[in-house]
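Given the sequences, and given the hints that come with them, work out the whole structure.
There are 2 protein chains.
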Amino acid sequence: MKQDIGIGILGLGTVGTGIARLLTENSDLIAKRLGAALTIRCAADLEIEKDRGVKFADGVLTTDPLEVIADPEVDIVLELIGGKETALDLIHKAIDQGKHVVTANKALLAEKGMELFRKASAANVNIAFEPSVGGCMPIVKTLRESLAGNHIHSICGILNGTCNYILSKITEEGVPFADALAEAQEKGYAEANPGLDVDGIDTTHKAAILSALAYGMELNFGDIYMEGISGITPMDIEFAAQCGYKIKLLAITKYDRDADAAEVRVHPTMIPDTGPLSKVDGTLNAVSIRGDAVGDMMLYGHGAGMMPTASAVLSDIVDIARILLAGGGIHVPLLSYQMNNIRKIPVRPIDEISTHYYFRFSAVDRPGVLSKIAGILGEHGISIKSVHQIERELNGGVPIFMLTHKALEADVKSALSQISALDVIINEPILIRIEESLD
Amino acid sequence: MKQDIGIGILGLGTVGTGIARLLTENSDLIAKRLGAALTIRCAADLEIEKDRGVKFADGVLTTDPLEVIADPEVDIVLELIGGKETALDLIHKAIDQGKHVVTANKALLAEKGMELFRKASAANVNIAFEPSVGGCMPIVKTLRESLAGNHIHSICGILNGTCNYILSKITEEGVPFADALAEAQEKGYAEANPGLDVDGIDTTHKAAILSALAYGMELNFGDIYMEGISGITPMDIEFAAQCGYKIKLLAITKYDRDADAAEVRVHPTMIPDTGPLSKVDGTLNAVSIRGDAVGDMMLYGHGAGMMPTASAVLSDIVDIARILLAGGGIHVPLLSYQMNNIRKIPVRPIDEISTHYYFRFSAVDRPGVLSKIAGILGEHGISIKSVHQIERELNGGVPIFMLTHKALEADVKSALSQISALDVIINEPILIRIEESLD
Chain H
20 MKQDIGIGIL
30 GLGTVGTGIA
40 RLLTENSDLI
50 AKRLGAALTI
60 RCAADLEIEK
70 DRGVKFADGV
80 LTTDPLEVIA
90 DPEVDIVLEL
100 IGGKETALDL
110 IHKAIDQGKH
120 VVTANKALLA
130 EKGMELFRKA
140 SAANVNIAFE
150 PSVGGCMPIV
160 KTLRESLAGN
170 HIHSICGILN
180 GTCNYILSKI
190 TEEGVPFADA
200 LAEAQEKGYA
210 EANPGLDVDG
220 IDTTHKAAIL
230 SALAYGMELN
240 FGDIYMEGIS
250 GITPMDIEFA
260 AQCGYKIKLL
270 AITKYDRDAD
280 AAEVRVHPTM
290 IPDTGPLSKV
300 DGTLNAVSIR
310 GDAVGDMMLY
320 GHGAGMMPTA
330 SAVLSDIVDI
340 ARILLAGGGI
350 HVPLLSYQMN
360 NIRKIPVRPI
370 DEISTHYYFR
380 FSAVDRPGVL
390 SKIAGILGEH
400 GISIKSVHQI
410 ERELNGGVPI
420 FMLTHKALEA
430 DVKSALSQIS
440 ALDVIINEPI
450 LIRIEESLD
Chain S
20 MKQDIGIGIL
30 GLGTVGTGIA
40 RLLTENSDLI
50 AKRLGAALTI
60 RCAADLEIEK
70 DRGVKFADGV
80 LTTDPLEVIA
90 DPEVDIVLEL
100 IGGKETALDL
110 IHKAIDQGKH
120 VVTANKALLA
130 EKGMELFRKA
140 SAANVNIAFE
150 PSVGGCMPIV
160 KTLRESLAGN
170 HIHSICGILN
180 GTCNYILSKI
190 TEEGVPFADA
200 LAEAQEKGYA
210 EANPGLDVDG
220 IDTTHKAAIL
230 SALAYGMELN
240 FGDIYMEGIS
250 GITPMDIEFA
260 AQCGYKIKLL
270 AITKYDRDAD
280 AAEVRVHPTM
290 IPDTGPLSKV
300 DGTLNAVSIR
310 GDAVGDMMLY
320 GHGAGMMPTA
330 SAVLSDIVDI
340 ARILLAGGGI
350 HVPLLSYQMN
360 NIRKIPVRPI
370 DEISTHYYFR
380 FSAVDRPGVL
390 SKIAGILGEH
400 GISIKSVHQI
410 ERELNGGVPI
420 FMLTHKALEA
430 DVKSALSQIS
440 ALDVIINEPI
450 LIRIEESLD
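Chains as they are written, first to last, in my numbering: chain H, 20 to 458; chain S, 20 to 458.
Worth double-checking, as some hints may not be accurate.
You can't tell identical chains apart in this list, so a pair holds if it fits in one copy or across any two.
As the list claims (entries may be wrong) - With a cut-off of at most 27 Å between alpha-carbon atoms, the simulated DSS-like pairs for lysine-lysine come out as follows:
#	residue 1	residue 2
1	Lys-131	Lys-51
2	Lys-298	Lys-188
3	Lys-51	Lys-363
4	Lys-138	Lys-51
5	Lys-425	Lys-112
6	Lys-138	Lys-404
7	Lys-131	Lys-363
8	Lys-131	Lys-404
9	Lys-69	Lys-206
10	Lys-425	Lys-131
11	Lys-188	Lys-69
Honestly, the hints are just simulated from the structure, not real lab data.
As structure tokens, this is what we get:
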């Protein structure tokens, strides 16, 4: 029996350094659990002189990623360089060499995952990706293994620590988005170019991965409705709080078995402030899953960071090592379902979803304005749950807030476009979707 | 390759019926994920005529549990009868027959688990027990697999839905324990004989299992300090709330690597009302885990109930089925560590722990009382953080509340015993331990 599993690392950035540290510092512990050693055989990075606080054995470091893949002593390749083209090419080559792959590259998986999973499946090697969603939280394992007996109804997740930090900051301190972003950048929670996070792209990559795992659907990044958090103001957050809601950037994915259609969307969402998801603040992440047998369950933890992410990489390494010690192959289907059962499931266009809404209008303070707005909403079959007008100046007018009962997004858009054309309305109306059914 | 895994069920009570239903109703889904069918080959219960709303194939039901174990078509035996002697005997016999076992029997595992795990390990068969702790939450899998690279520092769990329901009820409505218990019994959340739950026994069984998984220590039910919730009053809960705490029945387990000693205890605990664990109300369960790489993470969900527990049983069945499809054996060590690395780790006697405390005295309303109490505490090196005396009658005296800084339990007990002997003190003082470091 094999007593030593060889690890190859592509990329010694934050996560690569973290996993090297974990494999080194906790090697005794891991051996006691695994019954075999995990040894870094080869690690590639452009900078190999840099001191990362980890002691690599002689000859392990290289600047050539192909050396990692070609190394006959490497059983498992960790793709931790990020980006798309190079990473895609290297994973292809690793599979060609019969290597198992662990990757944290959510963007690559969400956009090019199907070709990689199909190829890996045909080659009988594993692609594991626990670190790609939710950092240390075992969300991939929970969906691939623990919930194998459940029809998954829905998943709602706070999956981007940067956005959650910014929204928490606006909520707690009432500062505008730009200031909260600047502080996140200062603290190292947001990139200099923050679009990937604050525009919702990162969360959407993760939503695609979770939907594929939950329903056996093909990865569908391009089909997912996506909206970032840059339009969220302290005023909307304050008003949401008064009505018992918090605003979070959520990945929402649901599957309607009767219609065989999915709903997958990423946008700022008002959620009741009584449920556990609403208490997840700062850079923390959480995922709430609803299944037919489990009911509601939630995972909660650090969604990013060197060591939490390294822990997830290690979890995948240990899983694959156990498979190798037992003779190899794919034991758990790569995307939860046997590959021949993975299929395209149509994603409902955003116009076809039905949910509750929050609107904010800034209107000229003149009699009859409210009746005009309400009239247009009524004509579109949108039923108002509550209306609030406060005495505060907003862009030369006054703000009017509304919460609606369930309405169809297409009707909402059409109504808002008519309302927006009224001469008493200043600026574009604000729309935030509400998710009532979380608990 | 084997295309059909045979399941044998011992006991068609709530969980047994739930798993039979799940295997029947979601069989297509499971096959799409597993790539093989799971078929109930034999199911034993004393009552086989009863209508459980599940259609069993002809000849599957029997009143003889030995038939299930002897059935050559049964690969995996589900022990769902509960109790100790019979269940123990049946699991032994199942292992003798080379059957893999799934059990929800925490009491049996906590008290007799070591002999079963050693025997199963030698026989190269799996004993899986996800449903034994935390219902649907994948806590066993998380500790055995996801956190394989982490030194676990501590686990704090709300693991008994009955107690959590009762404490939530007292908190929300200010009713006494007896009334909250009666309501729990009425709603079916508590047994007619509630001792197993409210005395903390069930939680202690689970604490033993989690400690073994987390630190590679032998199951140690007998060494665990245990205290139930029947002494918790609305007054203590109210005062805790005023100071920013909630009272929960917690399983607390910590491992001190330097001293190579564990702290495992189950008692009502005051925790800060800002953290996620404090928001877990009603019958819900949650487990918070602290590891060196992951930091803090939490799982949250239904800790009991027919279908959530059945979901956990199914998770174990699917894991074992995947192993069988890959050739059999033990892929994940039964207790997280290779069996030869599992060892006795001493559990600190409760007198040797050091924590923060809450005391409530009922004292005669007379000058100098507080100074006497404070004097005795001071002599024992117990530093008072805050004192509160309110104008309310309590057993003919007035209540005095105190919060302390960290103190040694032995000192606390000695001080309380001296204080209790003062002639100005009415009744025994109340002591509740505080766990400050949760977040």
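So, going through the hints one by one against the coordinates:
1. Taking CA atoms no more than 27 Å apart as the test, Lys-131 paired with Lys-51 passes between copies only; the shortest distance there is 23 Å, against 37 Å inside one copy.
2. Taking identical chains as interchangeable, the C-alpha atoms of Lys-298 and Lys-188 lie at most 27 Å apart whether they share a chain (13 Å) or sit on different chains (21 Å).
3. In this assembly of identical chains, the alpha carbons of Lys-51 and Lys-363 lie at most 27 Å apart only when taken from different copies (15 Å versus 43 Å within one copy).
4. Taking identical chains as interchangeable, the C-alpha atoms of Lys-138 and Lys-51 lie at most 27 Å apart only when they sit on different chains, with a minimum of 19 Å there against 34 Å within one chain.
5. Taking identical chains as interchangeable, the C-alpha atoms of Lys-425 and Lys-112 are never at most 27 Å apart, the minima being 50 Å within one chain and 57 Å between chains.
6. When the C-alpha separation of Lys-138 and Lys-404 is checked against a cutoff of 27 Å, the pair qualifies neither within a copy, at 51 Å, nor between copies, at 63 Å.
7. Taking the shortest alpha-carbon separations for Lys-131 and Lys-363, only the intra-copy value of 15 Å comes in at or below 27 Å, while the best inter-copy value is 49 Å.
8. In this homomeric assembly, Lys-131 and Lys-404 never come within 27 Å of each other (Cα to Cα): the closest approach is 43 Å inside a single copy and 58 Å across copies.
9. In this assembly of identical chains, Lys-69 and Lys-206 lie within 27 Å of each other by CA distance solely inside one copy; the values are 23 Å within and 63 Å between copies.
10. Proximity of Lys-425 and Lys-131 under a CA criterion of 27 Å is satisfied in neither setting, with 36 Å inside one chain copy and 54 Å between copies.
11. Within a single copy, Lys-188 and Lys-69 get their C-alpha atoms no closer than 35 Å, and across copies no closer than 58 Å, so neither meets the 27 Å cut-off.
Checked against the numbered hints listed earlier, the structure breaks hints 5, 6, 8, 10, 11; every other hint is satisfied.
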